[in-house]
Amino acid sequence: MADHSAHAGHGEHHIVPKRVYFLVFTALIVLTWVTAWVSTVELGALNTVVALSIAIVKASLVILFFMHVFYGTRLTKLIVGAGLFWLILLLFIAMFDYWTRTWVGVPGR
Amino acid sequence: MDSTVETVIPAEAHHDSSAVRHHFSTAEQQKDSATIGMWTFLVTEIMFFGGLFLAYFVYRQAYPAAFASASSKTNLAIGAFNTTVLICSSLTMALGVYFASIGKKKLLILFLVLTLLAGGAFLGVKAFEYHDKWVHHEVPGAHFDCEGCADPGHASLFFALYFGMTGLHASHMIVGFVILVILIFQASKGRYTPEWYTPVEMFGLYWHFVDIVWIFLFPLLYLIDRTKERLF
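Residue numbers (the numbering used here), protein chains in the order written: chain Y, 1 to 109; chain R, 1 to 232.
Just so you know, not all the hints are guaranteed correct.
[What the hints assert, rightly or not] With a straight-line cut-off of 35 Å between C-alpha atoms, the simulated DSBU-like cross-links for lysine-lysine are:
(1) Y:K18 / R:K104
(2) R:K126 / R:K104
(3) R:K126 / Y:K77
(4) R:K105 / Y:K77
(5) Y:K18 / R:K189
(6) Y:K18 / Y:K77
It should be emphasised that the hints constitute simulated quantities derived from the structure, not laboratory data. Bear in mind that the values here come from a model prediction, so they are computed numbers and not experimental data.
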């Protein structure tokens with residue numbers, strides 16, 4: 001990371017070596033078939049947790065390397081982070097509402 | 001932060017390349033602006049799909065049994081295969097951007113065409129799956145009949161979300177197709193050089209974003225309650 005931030009703000013554009021793309025691609029393919037296989041293993045409630053964790057790892061690899069955010073400017077990182085933060089707010093606040101509403105017998109459910 | 005650096009650049013250096021538009025100081029500033037603009041658009045897309053994902057999570061936690069039995073109607077191996085195809089198209093797109101950045105015109109065109117073909121294969125498989133669901137009366141509506149489903153009324157909800165989410169994803173890919181054809185045409189005319197290939201790179205961001213949406217759709221729609229099955 002420190003190695004790349006040293007280049008940030010430099011005149012020339014960063015070209016990501018092909019090797020990085022092939023490594024990320026291999027990881028994505030392996031994780032796809034791992035997640036498909038692990039879904040057939042009885043893990044109870046953990047099945048969903050594992051499936052979503054693998055999806056988050058895969059999405060992070062695509063964002064950081066295929067979409068060059070790892071090599072991007074701080075402003076790009078801020079915009080991406082803000083977008084994901086807002087998505088988390090949307091999902092978590094709404095889900096906590098739906099999840100806990102039955103506990104206190106609020107009308108409308 | 002960089003403005004102090006830029007002010008010491010002589011005026012003539014501001015137009016070091018004809019690819020830099022007059023309202024930008026440097027090619028780098030121009031590229032950074034495009035990247036920020038594209039990501040801002042993608043953030044609106046995150047919120048667009050985010051609403052559908054929220055609807056999915058709300059109904060899945062409300063009717064877990066219906067979602068589990070309806071999800072079993074999808075084909076696990078086909079879903080995993082199609083995910084693989086889409087990841088291949090992301091690799092070819094990333095390599096297309098790479099070859100654009102080092103000025104390899106023929107390889108750029110080749111990898112854009114490969115991206116188009118992989119995307120087409122994905123949509124072909126998707127069309128096959130849609131047809132299969134149509135034949136088996138698994139499309140929500142008057143003829144909906146989910147054989148062996150735990151809770152048919154709410155299983156219909158799963159399929160409504162299935163078609164809504166995969167349909168919105170597929171329509172993004174169709175938009176991507178049109179743009180890819182334009183990019184291939186422009187690339188063949190030699191419009192893109194290592195100094196300026198911004199459209200290729202920005203389209204790459206869009207294509208990878210669509211890939212990420214599928215990376216989440218696959219576990220959510222295909223991978224619920226598979227423990228009594230085998231992958232092959």
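Cross-check of the supplied hints:
Our distance criterion of 35 Å between C-alpha atoms is met by K18 of chain Y and K104 of chain R, whose separation comes to about 14 Å. Between K126 of chain R and K104 of chain R, the direct Cα distance comes to roughly 33 Å. Compliance with the 35 Å bound is thereby established for this hinted pair. For the hint linking K126 of chain R to K77 of chain Y, the alpha-carbon distance of about 33 Å falls within 35 Å, and the restraint holds. Restraint check for K105 of chain R and K77 of chain Y: the C-alpha separation of about 30 Å stays at or below 35 Å, so the hint holds.
Distance restraint check for K18 of chain Y and K189 of chain R: the Cα-Cα separation of roughly 25 Å lies within the 35 Å cut-off, and the hinted pair is therefore satisfied. With a CA separation close to 22 Å, the supplied pair K18 of chain Y and K77 of chain Y stays within the 35 Å bound.
In this structure, every one of the numbered hints holds.
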